[in-house]
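Student: From just these sequences and the hints, can you work out the full model?
2 protein chains.
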Amino acid sequence: MSLTVVGSIAFDAVKTPFGERERMLGGSAVHFSLASSFFTDVHVVGPVGEDFGEDEYAVLHARGVNTDDIERVPGGRTFFWRGHYEYDLNTAHTDDTQLNVFGDFRPKLSEASRGADVLFLANIQPDLQRGVREQVPNAELVALDTMNLWIDIARDSLLQTIKGVDVVIINDAEARQLTGIPNLIKAARTILSWGPKALIVKRGEYGAALFSENSYFAIPAYPLESVFDPTGAGDTFAGGFMGYLSSQAKLDEAAMRRAMIFGSVMASFNVEEFGTARVQKLTHDEINERFRAFKQMTHFEEIPFQRTAEIAK
Amino acid sequence: MSLTVVGSIAFDAVKTPFGERERMLGGSAVHFSLASSFFTDVHVVGPVGEDFGEDEYAVLHARGVNTDDIERVPGGRTFFWRGHYEYDLNTAHTDDTQLNVFGDFRPKLSEASRGADVLFLANIQPDLQRGVREQVPNAELVALDTMNLWIDIARDSLLQTIKGVDVVIINDAEARQLTGIPNLIKAARTILSWGPKALIVKRGEYGAALFSENSYFAIPAYPLESVFDPTGAGDTFAGGFMGYLSSQAKLDEAAMRRAMIFGSVMASFNVEEFGTARVQKLTHDEINERFRAFKQMTHFEEIPFQRTAEIAK
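Here the protein sequences line up with chains A and B, keeping their order. If you use our numbering, the first sequence corresponds to residues 1 to 313, in order. If you use our numbering, the second sequence corresponds to residues 1001 to 1313, in order.
Treat the hints with care, as some may be off.
Claimed, not checked - Capping the alpha-carbon separation at 30 Å, the derived lysine-lysine pairs in BS3-like fashion look like this:
no., chain 1, residue 1, chain 2, residue 2
1, A, Lys-197, A, Lys-281
2, A, Lys-281, A, Lys-186
3, B, Lys-1197, B, Lys-1295
4, B, Lys-1281, B, Lys-1295
5, A, Lys-186, B, Lys-1295
6, B, Lys-1163, B, Lys-1250
7, A, Lys-197, B, Lys-1295
8, A, Lys-186, B, Lys-1281
9, B, Lys-1163, B, Lys-1197
10, B, Lys-1163, B, Lys-1108
11, B, Lys-1015, A, Lys-250
12, A, Lys-15, B, Lys-1186
13, A, Lys-295, B, Lys-1186
14, B, Lys-1295, A, Lys-295
15, A, Lys-163, A, Lys-108
16, A, Lys-186, B, Lys-1015
17, A, Lys-281, B, Lys-1281
18, A, Lys-186, A, Lys-197
19, B, Lys-1015, A, Lys-295
20, B, Lys-1250, A, Lys-295
Unchecked claim - Label pairs and their in silico Cβ distance ranges:
no., chain 1, residue 1, chain 2, residue 2, range
21, B, Ser-1226, A, Gln-160, 29 to 35 Å
22, B, His-1299, A, Thr-97, 37 to 43 Å
23, A, Arg-155, B, His-1061, 42 to 48 Å
24, A, Ala-277, B, Gly-1083, 45 to 51 Å
25, B, Lys-1281, A, Arg-155, 40 to 46 Å
26, B, Lys-1250, A, Gln-160, 38 to 44 Å
27, B, Glu-1054, A, Asp-152, 52 to 58 Å
28, B, Gln-1280, A, Ser-157, 48 to 54 Å
29, A, His-93, B, Gly-1180, 20 to 26 Å
Said to hold, decoys possible - Some chain B residues close to chain A (C-beta under 10 Å, calculated; not the full set):
no., residue
30, Phe-1039
31, Ser-1215
32, Ala-1254
33, Glu-1289
34, Ile-1303
35, Pro-1304
Derived by calculation from the structure, the hints in this document are not laboratory data. Everything numeric in this text was worked out from a predicted model, so none of it was measured. Just so you know, even glycine gets a beta-carbon here, dropped at the ideal spot from N, CA and C.
Tutor: Here it is, written out as structure tokens:
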């Protein structure tokens, strides 16, 4: 199996209560690619400027990511984001956004990228997402992410795009905003009624939930005493989730649940250091060790209650 | 085993987006008692006024709760609380509080209440909690709840009370406020360093977490499409948790984990109708059915990841 991701490639400047970095490799497609590369073969599609150099390509190549569909725009500059976090690390505050080459991005997929079994449409304009989805008609599994901006200004297009994918991966505020329904469970049922087989709701420090027609699965986040930089955690989650599924022969509920854990595992590593630093040096042993920790911290014995008096009867 | 709970007994007026009630039986000791009565023998200790009548006693007696230590103050009126909730049902807005007899409450426990194996100190002034704890020196398990008010105005007394209990049961905002530490995991470690063997952090719609010295356990809330009235959910959780433990011969980590589930099960029923209405008519079959649903919604297979290429090697 192989996987294609389409999204942003960026330089990020980030400040958190624990430090700051002026220029790091970032962007949804980058965080997603690095995470998914631990599980499957990855093609990344996105635009960069002339300031995107050998060092940046090297980070992706070190993880075996295929960068043939990174479009380098002559005379252009790479998407730049500057943001900061207060002690509430769940909320990113944007200080500057320079779209640069990302503003004119029209995704063009090579034959190899079109041949992927699994496709992830990271957070880009929903018309573009739909265009990409049409370029990969034979994908077995297609998922998308989005953001409040598109729900505000391109809702109809987004709904049309959602109809054409298998899995929607968003956060709880987005699920409520998208449906106008305050109760998350009702909001989830509504989104599923539009067509997707599954909805994943990311809840930051509270974990994540998987909704499908007949099932509900919810997991906590890995308990971290130090979160250094939450940037890219959502895309890293999606990378672990989709990457793991791309490695599986059977895409059933059980595989989706394990994929939720691998997504959470990858996200938990991502936030331990700035930018992509932690994921770059991650090993499969570390991933599996944390997967087992998730089992430990969610397991309980299924012993229904009986009053002693009732047992004695 | 038997259980004693000390706390408020109240009349509540509650308005939510789904309706309103002018006068319902409420209070932390009431919600706790009803929930715990499904698992063990319960003694409730708290003050009421002359307006607390046969109908109110009948609700407790119907569940077998021992009300001998309810102190009826001649000429007094019962604690009254009026509040409302917006669509964010996690936040209660207080519109009126009339402490009445609760303002002069000095808990006096009968021989029977002092003989309990399990003691719950619901949210009352921490000096009073400590006084009660000293009246039950042989309890095998003692837990307390508290609130932001006591953290603000009686922090030193509260810390002294916390040192003398086995389990602290609070919400995440209170854990952060109590320690001044924004990271919940660090905050939890700090509270455990003061003496308790376990800390439970209630997270409303996001579930609950159990911290102990060598273990972390986290569960989601039961997914409800309609939450009618969250009042008393926290005390109902504590009632299910402590009531279940009171029924168990061994108070180990495995029992605590199952108790977390039973607490969550009870809380999930509590919020389905106004006040105590849902819990009053609950059955053990319904409780066990929802316990099993928790297993369903948290279970995944522990299969570490191996790349196909690595397997082939």
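Student: With a cut-off of 30 Å on the C-alpha distance, tell me whether A/Lys-186 and A/Lys-197 pass.
Tutor: Within the cut-off at roughly 16 Å; holds.
Student: Run the distance test for B/Lys-1295 versus A/Lys-295: straight-line Cα separation, threshold 30 Å.
Tutor: Judged against 30 Å, a Cα distance of about 13 Å means the pair holds.
Student: Holds or violated: A/Lys-15 with B/Lys-1186, Cα cutoff 30 Å?
Tutor: Holds, because 21 Å separates the two Cα atoms, which is no more than 30 Å.
Student: Go ahead and decide if the range 45 to 51 Å is satisfied by the Cβ distance of A/Ala-277 to B/Gly-1083.
Tutor: holds, 47 Å
Student: Straight-line Cα separation of B/Lys-1250 and A/Lys-295 no greater than 30 Å?
Tutor: holds, 23 Å
Student: Check whether the Cα positions of A/Lys-163 and A/Lys-108 lie no farther apart than 30 Å.
Tutor: holds, 22 Å
Student: If I claimed the Cβ atoms of A/His-93 and B/Gly-1180 lie 20 to 26 Å apart, would that claim hold in this structure?
Tutor: Because 22 Å falls inside the window, the suggested range holds.
Student: Could you check the hint for me, namely that A/Arg-155 and B/His-1061 are 42 to 48 Å apart, CB to CB?
Tutor: violated, 55 Å
Student: Taking the least C-beta to C-beta distance, is B/Ser-1215 closer than 10 Å to chain A?
Tutor: holds, 8 Å
Student: Measure nothing beyond the straight line between the CA atoms of B/Lys-1281 and B/Lys-1295; if it is 30 Å or shorter, mark the hint as holding.
Tutor: Holds, at about 24 Å.
Student: Please check whether B/Ser-1226 and A/Gln-160 have a Cβ separation lying inside 29 to 35 Å.
Tutor: holds, 30 Å
Student: Report holds or violated for the interface hint on B/Ala-1254, using the least CB-CB distance to chain A and a cut-off of 10 Å.
Tutor: At about 6 Å, which falls below the 10 Å cut-off, the nearest Cβ of chain A leaves the hint on B/Ala-1254 intact, so it holds.
In summary, the numbered hints that this structure violates are 1, 2, 11, 17, 19, 23 and 26.
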